[in-house]
Amino acid sequence: MRRHGLLEAINSAAEAVKRGGVIVYPTDTVYGIGCDPFKIDAVERVIHAKMREKKPAPVLVSDLDQLLEVAEPTEEELEAAIRLWPGAVTIVMAKRPELPDLVTAGEKTVGVRMPAHIVPLLIMQKARRPLVGTSANISGEPSAATIDQIPSSVLEKVDVVVDAGRTHRQLPSTVVKIQNRRVIVLREGAVSREEVEKRIGLK
1 MRRHGLLEAI NSAAEAVKRG GVIVYPTDTV YGIGCDPFKI DAVERVIHAK
51 MREKKPAPVL VSDLDQLLEV AEPTEEELEA AIRLWPGAVT IVMAKRPELP
101 DLVTAGEKTV GVRMPAHIVP LLIMQKARRP LVGTSANISG EPSAATIDQI
151 PSSVLEKVDV VVDAGRTHRQ LPSTVVKIQN RRVIVLREGA VSREEVEKRI
201 GLK
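In the UniProt record's numbering, the protein residues as written are 1 to 203.
Just so you know, these hints were derived from the structure itself, not from any lab.
Remember, it's a predicted structure, so these values are computed and weren't measured experimentally.
Certain hints may be false.
Stated by the list, open to error - Using 30 Å as the maximum straight-line C-alpha spacing, the simulated DSSO-like pairs for lysine-lysine come out as follows:
1) K198 - K108
2) K198 - K177
3) K157 - K198
4) K39 - K198
5) K18 - K39
6) K39 - K108
7) K198 - K126
8) K157 - K18
Said to hold, decoys possible - Pairwise CB distance ranges, derived in the manner of DEER restraints:
9) K18 - R182: 38 to 48 Å
10) E98 - L186: 35 to 45 Å
11) R182 - E141: 37 to 47 Å
12) L186 - R83: 29 to 39 Å
13) S152 - R182: 40 to 50 Å
14) E8 - E76: 37 to 47 Å
15) R52 - G20: 17 to 27 Å
16) T146 - A94: 18 to 28 Å
17) E156 - E8: 17 to 27 Å
18) K108 - G165: 31 to 41 Å
19) K108 - S139: 16 to 26 Å
20) E8 - K108: 21 to 31 Å
21) N11 - E76: 34 to 44 Å
Note that the Cβ used here is the ideal one computed from N, Cα and C, for glycine as well.
All chains, please: the whole structure from these sequences, using the hints.
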């Protein structure tokens, strides 16, 4: 694990992702641990670092092209994404067959989000890869809003740590499914159901 100044860390993190490494990085919600979701060895390292049993991991994207690499959104889901992103809402969509089942724990869907934070967006743009976007903690324990809140056992298992201070929202994202012009909330988080419905034009 290496720590750097912010700009150097962003570049180092992008290079690590391209090489199949694992990074810790800030988002608009909480700190994440991630990698290229198509690099199975790296995904296994993330799971090991979190001491996580089989459980789906969300994926972060920086643009539409990356979304279409990992998911097959319906027109309704795509319209919702355009209205909700970048932001703290994860939308569950059908996954592309090419996305490894290890990422989704064998499920045929994947939660996708575009974060409203320049650091992960730059990392993904520089690496030209989406990112596994799970929280940087031991599975089942509280999420981290600062690097100091991340267990040392997690930090020791990554290649690059990007420290950009305290995260903005300090809550995990809200996870939703959009179906037949209805918002189904799968996990309450940083954005309320009412705000989601308002932004996609259901209120």
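To see whether the hints hold, each was checked on the structure:
no.: 1; hint: K198 - K108; result: holds (28 Å)
no.: 2; hint: K198 - K177; result: holds (15 Å)
no.: 3; hint: K157 - K198; result: violated (41 Å)
no.: 4; hint: K39 - K198; result: violated (37 Å)
no.: 5; hint: K18 - K39; result: holds (9 Å)
no.: 6; hint: K39 - K108; result: holds (18 Å)
no.: 7; hint: K198 - K126; result: violated (33 Å)
no.: 8; hint: K157 - K18; result: holds (17 Å)
no.: 9; hint: K18 - R182: 38 to 48 Å; result: holds (39 Å)
no.: 10; hint: E98 - L186: 35 to 45 Å; result: violated (24 Å)
no.: 11; hint: R182 - E141: 37 to 47 Å; result: violated (32 Å)
no.: 12; hint: L186 - R83: 29 to 39 Å; result: violated (18 Å)
no.: 13; hint: S152 - R182: 40 to 50 Å; result: holds (43 Å)
no.: 14; hint: E8 - E76: 37 to 47 Å; result: holds (41 Å)
no.: 15; hint: R52 - G20: 17 to 27 Å; result: holds (19 Å)
no.: 16; hint: T146 - A94: 18 to 28 Å; result: violated (35 Å)
no.: 17; hint: E156 - E8: 17 to 27 Å; result: holds (21 Å)
no.: 18; hint: K108 - G165: 31 to 41 Å; result: holds (38 Å)
no.: 19; hint: K108 - S139: 16 to 26 Å; result: holds (22 Å)
no.: 20; hint: E8 - K108: 21 to 31 Å; result: violated (39 Å)
no.: 21; hint: N11 - E76: 34 to 44 Å; result: holds (37 Å)
The structure does not agree with the numbered hints 3, 4, 7, 10, 11, 12, 16 and 20 stated previously, though it agrees with the rest.
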